[in-house]
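One-letter residues, chain by chain:
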Amino acid sequence: MRIFKRALFFLSSSFIFFFVLAELGRSIARNQAGVQFLDVTQASAIDFIHIRAATPEKYLVEIMGSGCAFFDYNGDGWLDIFLVNGGKVPGFHYDGEINHALYRNRGNGKFQDVSRQAGIQENLYYGMGVTVGDYNNDGYDDLYLTYFRGPNQLYRNNGDGTFTDVTRKAGLGGGGRWSTSAAFFDYNRDAFLDLYVCRYADFDFDDNRVCGPVERGFRIYCSPKIYEGIPDLLFRNNKDGTFTDVSSDTGISSFAAKGLGVVGADLNQDGWPDIYIANDTDPNYLFRNNGDETFQEIGLLAGVALGENGEAQSGMGIGCADYDGDGLFDLAVTNLDSPEYLAVYRNLGNFFFEDVSSRINVKRASSQYVGFGVGFFDFDNDADLDLFAANGHIDDRVHLITPGRSFQQPKLLFENIGPRFEEVSLGHGEALLKKQVSRGAAFADYDNDGDVDILVANAGEKPMLLRNNGGNRQNWLSIRLRGVKSNRNGIGAVLTLQTGTGIQKTQIVGGGSYLSSNHLRVHFGLGAQQKVTKLQVHWPSGIVDQMGPIDSNQFILVTEGETIVPQNKKEAPEAEESNEPVETVNRGL
Amino acid sequence: MKNVLVSFLLTAVLSWTYGQTPREEHKGLEERLRSARSYESQDKFLEAVVEYRQALELEPTHEQAAIALARLLYKLGRYQEAYDVNRQVLGVHPELLKVRLNLAYLLQAQGNLQEAEEQIRVVLEKLKEKVSKDDPVRVHALHLMGRNLLGRQRYDEGEQRLLEVLELKPDLIEAHLNLAELYSQSQQSYQKAVDHFEKVLELRSNLPFVHQELGKTLLNLDRTQQAIDHFQKAIELDPNLAEAYFLLSAAYRKQGDVEKTQQILSRFQALDSESQIQEKSRLKGRSLYLEGEEHLWRDNLDQALKAFQKALEVAPDSHEACFGLAQVYLNRGSPLEALRNIEKALELQPYDSMYHYTRAVCLHELKNIPAAVEAVKKAINLNPVLPDYHNLLGNLLFTKEEHREAASAYRKAVDLDPDNPLYHLNLSSALAKLGSLEESKKEKELYLKLLTKRSD
Chain A
1 MRIFKRALFF LSSSFIFFFV LAELGRSIAR NQAGVQFLDV TQASAIDFIH IRAATPEKYL
61 VEIMGSGCAF FDYNGDGWLD IFLVNGGKVP GFHYDGEINH ALYRNRGNGK FQDVSRQAGI
121 QENLYYGMGV TVGDYNNDGY DDLYLTYFRG PNQLYRNNGD GTFTDVTRKA GLGGGGRWST
181 SAAFFDYNRD AFLDLYVCRY ADFDFDDNRV CGPVERGFRI YCSPKIYEGI PDLLFRNNKD
241 GTFTDVSSDT GISSFAAKGL GVVGADLNQD GWPDIYIAND TDPNYLFRNN GDETFQEIGL
301 LAGVALGENG EAQSGMGIGC ADYDGDGLFD LAVTNLDSPE YLAVYRNLGN FFFEDVSSRI
361 NVKRASSQYV GFGVGFFDFD NDADLDLFAA NGHIDDRVHL ITPGRSFQQP KLLFENIGPR
421 FEEVSLGHGE ALLKKQVSRG AAFADYDNDG DVDILVANAG EKPMLLRNNG GNRQNWLSIR
481 LRGVKSNRNG IGAVLTLQTG TGIQKTQIVG GGSYLSSNHL RVHFGLGAQQ KVTKLQVHWP
541 SGIVDQMGPI DSNQFILVTE GETIVPQNKK EAPEAEESNE PVETVNRGL
Chain B
1001 MKNVLVSFLL TAVLSWTYGQ TPREEHKGLE ERLRSARSYE SQDKFLEAVV EYRQALELEP
1061 THEQAAIALA RLLYKLGRYQ EAYDVNRQVL GVHPELLKVR LNLAYLLQAQ GNLQEAEEQI
1121 RVVLEKLKEK VSKDDPVRVH ALHLMGRNLL GRQRYDEGEQ RLLEVLELKP DLIEAHLNLA
1181 ELYSQSQQSY QKAVDHFEKV LELRSNLPFV HQELGKTLLN LDRTQQAIDH FQKAIELDPN
1241 LAEAYFLLSA AYRKQGDVEK TQQILSRFQA LDSESQIQEK SRLKGRSLYL EGEEHLWRDN
1301 LDQALKAFQK ALEVAPDSHE ACFGLAQVYL NRGSPLEALR NIEKALELQP YDSMYHYTRA
1361 VCLHELKNIP AAVEAVKKAI NLNPVLPDYH NLLGNLLFTK EEHREAASAY RKAVDLDPDN
1421 PLYHLNLSSA LAKLGSLEES KKEKELYLKL LTKRSD
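From first to last, the protein sequence lines stand for chains A and B. The opening residue of the first sequence carries number 1 in the working numbering; numbering runs sequentially from there. The opening residue of the second sequence carries number 1001 in the working numbering; numbering runs sequentially from there.
Just to be clear, a hint being listed does not mean it is correct.
Using 30 Å as the maximum straight-line C-alpha spacing, the simulated BS3-like pairs for lysine-lysine come out as follows [unchecked claim]:
{"id": "1", "chain 1": "B", "residue 1": "1075", "chain 2": "B", "residue 2": "1377"}
{"id": "2", "chain 1": "A", "residue 1": "225", "chain 2": "B", "residue 2": "1027"}
{"id": "3", "chain 1": "B", "residue 1": "1310", "chain 2": "B", "residue 2": "1344"}
{"id": "4", "chain 1": "B", "residue 1": "1075", "chain 2": "B", "residue 2": "1169"}
{"id": "5", "chain 1": "B", "residue 1": "1367", "chain 2": "B", "residue 2": "1306"}
{"id": "6", "chain 1": "B", "residue 1": "1306", "chain 2": "A", "residue 2": "88"}
{"id": "7", "chain 1": "B", "residue 1": "1377", "chain 2": "B", "residue 2": "1044"}
{"id": "8", "chain 1": "A", "residue 1": "225", "chain 2": "B", "residue 2": "1075"}
{"id": "9", "chain 1": "B", "residue 1": "1075", "chain 2": "B", "residue 2": "1126"}
{"id": "10", "chain 1": "B", "residue 1": "1433", "chain 2": "B", "residue 2": "1453"}
{"id": "11", "chain 1": "A", "residue 1": "225", "chain 2": "B", "residue 2": "1344"}
{"id": "12", "chain 1": "B", "residue 1": "1027", "chain 2": "B", "residue 2": "1044"}
{"id": "13", "chain 1": "B", "residue 1": "1433", "chain 2": "B", "residue 2": "1444"}
{"id": "14", "chain 1": "B", "residue 1": "1377", "chain 2": "B", "residue 2": "1280"}
{"id": "15", "chain 1": "B", "residue 1": "1126", "chain 2": "B", "residue 2": "1098"}
{"id": "16", "chain 1": "B", "residue 1": "1044", "chain 2": "B", "residue 2": "1344"}
{"id": "17", "chain 1": "A", "residue 1": "505", "chain 2": "B", "residue 2": "1254"}
{"id": "18", "chain 1": "B", "residue 1": "1280", "chain 2": "B", "residue 2": "1306"}
{"id": "19", "chain 1": "B", "residue 1": "1280", "chain 2": "B", "residue 2": "1192"}
{"id": "20", "chain 1": "A", "residue 1": "225", "chain 2": "B", "residue 2": "1306"}
{"id": "21", "chain 1": "B", "residue 1": "1310", "chain 2": "A", "residue 2": "225"}
Estimated spans, in silico, between C-beta atoms of each pair [stated by the list, open to error]:
{"id": "22", "chain 1": "A", "residue 1": "213", "chain 2": "B", "residue 2": "1191", "range": "38 to 48 Å"}
{"id": "23", "chain 1": "A", "residue 1": "217", "chain 2": "B", "residue 2": "1170", "range": "14 to 24 Å"}
{"id": "24", "chain 1": "B", "residue 1": "1115", "chain 2": "A", "residue 2": "269", "range": "46 to 56 Å"}
Simulated from the structure, these hints should not be mistaken for lab results. By construction, the Cβ of each residue, glycine as well, lies at the ideal position given by its N, Cα and C atoms.
Starting from the given sequences, assemble the full structure and let the hints guide the process.
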């Protein structure tokens, strides 16, 4: 009997040993993929500094940070960068200008500040967010900027490297108060991009409140709970360069909350893009598109309004993608730290979602930090979607209130490992661990090397450009859409890609992340697959294009209605020579 | 606030008269403790605090008295006072491990995990050689340490401690709950969480919260029907448990049952909306109160008044706003109006020593000395470490010509803050009235010395 027991013990311990070895092996293999995110901000000649204008008055706006965008403003195939700056508040003394910045990608790893030449430097108020879209379908991406205490701005891309402020002409001069994230998307499927603008709190400088342990001699930023939310805005594109405010007609203005994040995406796959809003300290909204230019708010019923225990969380940014490969588009929302967490809502179909944050191992790691910018993307090209969150606390004195917590926080990278995620920030570059007050985040392959990079906008400091080094060791395919009957950007199109090992599905959504804008080029990681068997593009117009097989590791352009695939043709142009000195602009401070 | 009251005291010190000596009750230690417990069980908390304090005065090393008092004060929302009780006792008797553990408990409850851990380590170290493994204090210390480590995201270490606790005391519900909570955070350990939740229910089946949490874990394990059963049980035990309704709706959603999901959500909303509104009002009221306090510090009395009044409009239950108004009226020389407001504050929060003290100041202004004495004594019973309270008591007793007691009160103020010249001056005056002229002279000299030092 004793022998039997010993044998059993040996067997079970051997099993455990081999199990541990196997797990270890998998873990090593994952880390051996060796993807490193490198901080190349300085090397790229990006010297922008965000000014958050911190004062002892602790105005709520000082802590919100600003956004950033990847977009190709000059159509040269190299993705450029736009960074929104903050602004001044009463009691903040700074004589210099606080300008936004447009950096042109020179294709050689360096960027050049072209803000002044492009004519979009001016920042009259306190900058918040940026969104990109070709609203007039002329083939050049336009910019929309949002502000605290000022009208937002629409900059039309002139196609010659310059922009024109057409806000007033476009009928977008209203809004004011406090706008945050915005999204271009075609809610009525008329082939022209409409515009959704989130608005935050009914706050002004003369309505500032006092919060914190003043008896201990200091103040902290007030919880937004003490301010009322204000209704968001929806503008319909009139197809003539102007917009009409349809917030009331569509039912959007009946809802007032503190909106921070927005995604325009078809979540029930009925062809009509719905709207999901991350609200701060208010329940999140899911506006179901009724297909008749009206919306119905169904967030609570759908299961995406609240946290797992029924509490309104502090919604900041949104990610939207089919992370589990079931063909349905899921949602991720960044929130405060514990008891809040990065909420992942798995789409069960028919507008029903389930909060799976705990089950997929995202909750525990994320509840240590305050999350803002967020996105699903395949950082290691292993054909599944990983998750990234940019973090930073909302109070610069948190260390005095809660010892051990800090204003500056590291970023979080979660790797998709089948049914769940694993937090892998530690093994993928010191830059991810660097503590900053991060806010906006945008994702794109800015260096055209076949893997997705990240741009993080930090509050009160320099941004961080994280170059993905090694993600391209596995295969990939990058696709840009050109709508003909649909909107030019192809926003709302659903792409289904088939390889020898499976199917991936993605949707080009409007908006996403926090105050930021991702480039609209779609990147698929293909793992070991050399070929895509089939690619299907379901356009917003209803047209379905199918093509394939397609070789991996290339950039392709798919034009609506044209099924011929430009195989083995790199869309990305040649880079500039890199041996010349890079001109930089000293931004003071 | 403090500057207002201190300036008031400076003027009050000039108007002393003689009074009579109060009668002292003489009860034994056990009797004090018995009445304290009896008062506590009747929800007569102020009386209970007085009895515990008296018991501690009789026997400063009485661990149970110190712990009971600290816990009661904490229960009354008086964290600082509770902390002070433990600190004071440990200052004199650092060997009292239960008191130290209680201090750790308080620190932990306030989120000061680092200091709490240090205290627990001291306890565990001292117990190492002396007691058996299953000594209740050791078990308690290990348990507290386990929770501490979990709170600091040192999950593996925390788990180890809690498992150790359960080896020593397998029926400790709290430890099972802590482990269940830990295991329910990760998909790989959901089944373990279920086991611990079920163990808790085996030990005590009527805990709605446990049914709810067990249901949540089962939902994560896709055992949806079982989850529904537990949510329903939780609701049966506590029909106002909003969270359980929300989770039940999530379970029906998972089953694709739109109608039931909607039905349960409407009940959740009904329960939840009221608490949301209250929370919003509370936060707004608090912020307006703090704004008023800032104005008060800057002597902007009109703006302070406006802010406090607005705070009360937003949150009619804000005792802080009432307190703020009382301060404004005291500063404006309207003690009657101040008294009305501070009494409203005390109706809403009877255990804030500062409110009792402010009431005493108002009553003193209104020349109601006996009531003022009673009020300041309540303040002292709640928080005996603030010298201003003892000084005011001294002033009041001096007015009543009870010089011996006045001197004793001033002496306490001096002991608590030997650098304040005013306390020495007051003590000197009381001693002079008692005929202790040498001592009086000495205190007067100290007063002058400190005064000179301050002016330097």
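(Q) Just to be careful, I want the Cα atoms of residue 1126 of chain B and residue 1098 of chain B compared with a cutoff of 30 Å; is the pair within it? (A) holds, 12 Å
Q. Holds or violated: residue 225 of chain A with residue 1027 of chain B, Cα cutoff 30 Å?
A. Outside the cut-off at roughly 51 Å; violated.
Q: Compare the distance between the alpha carbons of residue 1310 of chain B and residue 1344 of chain B with 30 Å, and conclude whether the hinted pair is satisfied.
A: Cα-Cα ~16 Å, so holds.
Q: Please work out if residue 225 of chain A and residue 1075 of chain B have their alpha carbons no farther apart than 30 Å.
A: holds, 27 Å
**Q.** Pair hint outcome, residue 1310 of chain B versus residue 225 of chain A [Cα-Cα no greater than 30 Å]
**A.** The hint holds at about 17 Å.
Q. Are the Cα positions of residue 1075 of chain B and residue 1377 of chain B separated by 30 Å at most?
A. Roughly 20 Å separates the two Cα atoms, so the pair holds.
Q) Do residue 213 of chain A and residue 1191 of chain B keep their Cβ atoms within the hinted range of 38 to 48 Å? A) holds, 43 Å
Q | Hinted pair residue 1377 of chain B and residue 1044 of chain B, Cα distance within 30 Å | A | holds, 16 Å
Q: Would you mind confirming whether the straight-line C-alpha gap from residue 1075 of chain B to residue 1169 of chain B stays at or under 30 Å?
A: holds, 27 Å
Q) Within 30 Å, alpha carbon to alpha carbon, are residue 225 of chain A and residue 1306 of chain B? A) Given pair residue 225 of chain A, residue 1306 of chain B holds - Cα atoms ~22 Å apart, limit 30 Å.
Q | Pair hint residue 1044 of chain B and residue 1344 of chain B, alpha-carbon separation not exceeding 30 Å | A | holds, 19 Å
Q.
Tell me if the straight-line CA distance from residue 1306 of chain B to residue 88 of chain A falls inside 30 Å.
A. holds, 29 Å
Hints 2, 14, 19 and 23, counting from the list given before, are not met by this structure.
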